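Engineer: With chain W's structure known, arrange chain X on it following the hints.
So the protein lines, in turn, are chains W and X. The numbers in this note's numbering rise by one with no breaks, and the one at position 106 of the first sequence is 106. The numbers in this note's numbering rise by one with no breaks, and the one at position 133 of the second sequence is 133.
Hints in this document: simulated from the structure, not taken from any laboratory. Treat the hints loosely; a few may be bogus.
Calculated Cβ distances over 12 Å to all of chain X for the following chain W residues [said to hold, decoys possible]:
#1 Arg39
#2 Pro52
#3 Glu84
#4 Ala147
#5 Ser153
#6 Arg160
#7 Asp175
#8 Ala178
#9 Ala182
#10 Val184
#11 Thr215
Taking beta-carbon pairs under 7 Å as the criterion, some of the chain X residues facing chain W (in silico) [unchecked claim]:
#12 Cys222
#13 Thr224
#14 Thr260
Fair warning: this is a prediction, and the values are worked out from it, not measured in the lab. In this text, a Cβ means the ideal position worked out from N, Cα and C, and glycines have one as well.
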Amino acid sequence: MSVDMRTYLAHVELINPITTAAGCAATGKELSQFFDLNRIGALVTKSITMAPRAGRPTPRMAETPSGMLNAIGLQGPGIDAFLERDLPWLAQRSVRTVVSIAGGTVNEYGALARRLTDAPGVTGVEVNLACPNIEDRGRVFARDPSASAEVISSVRALMRYDVPVIAKLSPDVADVVAVARACVDGGADALSMINTPLGMSIDTETLRPSLAAVTGGLSGPAVRPLAVRCVWQVHAALPGVPIVGVGGVLTGRDAFELILAGACAVGVGTALFHDPYSCLRILRELEELLQARGFQRLADAVGLAHRPPGSAARHRADLAPGPGAPDFTVPPDPLNMEESSL
Amino acid sequence: MLTTRRVEAYHALTVVAPGIAERFRPGHFVAVAVGGPQSSMLTRRAFSIHDVKPDYGGTVEFVFTVRGPGTAWLAERRARDTLDLVGPLGRPFPLPRDPVTCVLVGGEYGSATLFGLADALQQRGCRVDFVLGGASADRVFGALRARRMGETTTLTTEDGSLGMRGKVTDVLPGVIADTRADVVYACGPMETLRGVTAVAIEFDIPVQVAVEEAMACGIGMCMTCVLPVIGEDGVTRMVRACAEGPVFRGERVRFEDVGTIPFDALGAPGSPSGGGGTRNVS
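The following block holds chain W by itself, in its conformation from the complex (with noise of 0.2 Å):
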C-alpha cells in the first residue's frame, strides 16, 4: 500500500512535499538534464530581482564540516529576463513553481509582485526577506518583524488572490515565532524556514577570509537542527500555518524529522550540489519510512512530535481525502489502533 503523499501549501495541492530550496536548483533548466521536474512537489527558482545583478566577486563557496558557506549575492538576470525565458520555459512544461523574489525595498518586492501577478504557471511566490533594508541602514528584513510584515502584506495585496505567499525566514534573530507572526499577520500564506544562517571561515593558508565577502550563509547538515527548532517553534505558536521546512536535509529520515516538528513541505537545497539526483531520493526514501511507521497519509504526520509524551498517535482531520485517497478499509496498524482510545 502506498502512502498518500499530497500535501497542501494554502489551498494549492502538491503532489508530494519535496520542493527545491531556493538558490539551489537555479531555475530548474540544469536539474532537469537529471530527472522530470514534475515528479517533485514543486521547484523554487533562485531568487528573481528587478534589475540584472552579477552578484558577489569569487570566491563564493567555501566547504565547511558538514555544510558550505556561500555568498553568490543574488546573481541573476532580473525579472525582464526571467519571465521572458525561464518561467515560460517551466511553465511549458507544467512545472509546479515557487518564484522567490528579493529586493531592497517595500516598493521594489511589491513592483516584482506586480510583474508576476499576470505570468501564466506561477504556483506560488516565496518572498525573501534575507535582503538589506535600503530605507532602513541595510538592516536586514527578516530580523525586524514589522518591516517583514510591511513586505508581505505590499506583496500579498498585489499577487493575485489564488497564488499562495510564503515568507521565507531568517534564523538570525532573537524570535523566530514573533516574525513568523507578523508575516501571517502580514498576510502570508505559509512559512519556509530556514533561510541560511550567516558564518564565516578563514582560510589559515592565505590567512584571509575563505570567501571575498568576508560572511556567507551557512548551508547544510550543520544547519539542520536549527531548521527543525524553527519550524517546531513556529508550528507550537502557529499550528495551522503551513510551514515548509529547509535546512540540511539530505536523506528522508531528515525531512521525517522537519514533518515531525510541523513541516507540511521539505525543500532540498545543498544536498542537490552533493547529489543531483537527491530529491527522488528523498521522496522514495521519505515513503518507505510512513510506510513502515504505518502511516497511511503524510498530512498524519505532519507536527506528530508535538503530541504529548505517552500520548497515542492520532490522525489529523484538517485535510479532506480527496479523489483517489485510500479510504480507510484497510485493517489498521499497530499505531492507529490506539486511535480508538483517544
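Structural biologist: Just chain X now, kept in the frame of chain W:
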C-alpha cells in the same frame, strides 16, 4: 573504479563509467563526490577528463593533485572501490573544420585534458605541437605522451629541472612562429591562461582556454564558479565555468578582473545596466 596510479607529482584514477566514456568529447570534465556515503564533505570536486578507453564498456581517467582532505581521500582509493561521478560536464573544445596547425599549451596537470583534444585534432588531419610546463620536472604532466603524439614538444620548468628554464609563455611565441600555428589551445592555472592569451592576441590567432575554477556542483546550479567573460554582444557577464565553460575563447575572458565584479559587468553594483538591483525601485 579500476586502477589508481601515481604520475609524477599527481594521481590518476581510472573509473569504469561507460555512460561518461560514450558521450565524452575533449574538454569535458567530471564532478566527483568525495568522502564516501556518510561524507561531511558535500561539494563535488571537478576534474577534467584525461583519457577515455573502450575497455570494460568504457573507462574514464582523471588526474588530480592532493590539495585538501577531499583530494587526499580520493588519493587513497584503491581498485574495486566505488566512486560517485557526474559527467561528462561542460562545453568541450571547438574543433577546426580544416586541417590546421595547432599549438596545445598545458600548465601543471592542466595538460591532462589536452591529449584527448590532440587525438581529435590529429584525426582531422591537424598538426599538433605541445608546450608543457610546470614548477619542476615532476609537475609537468604528460611529457612522454606529448613527445609521442606531437610534431614537436617544448617543455619548460621554473627551476630548470626539465626542458627550458622559465614558463610556457616564455617559449610560446617561438613555437607559434616556428610552426606557423593557426590556433592555440590551453589549459592550466589562470595566470598561465592569461599569459597564453596575451601571446595569441599578439600573433592575432584564435585561442581556446579551459579554465579551472572551484565549483560546488559542476552542473550549473550553485553559481560558485563564475568569471567575467565578454559576450557576443560586447557585454561582460559573470558566467559559470561549469555550464558556459570550461572552454572559452581566450580573448573574451577578462583575466585581469577574475576574482572581482568589473564595474561594467551586467548587473554590477553601480553599473549603467542595473545598479545591482538596489536603485531599481519602480
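Engineer: State the violated hints by number, sorted upward, taking the hints as numbered earlier in the document.
Structural biologist: Of the numbered hints given earlier, the structure breaks just one, which is hint 2.
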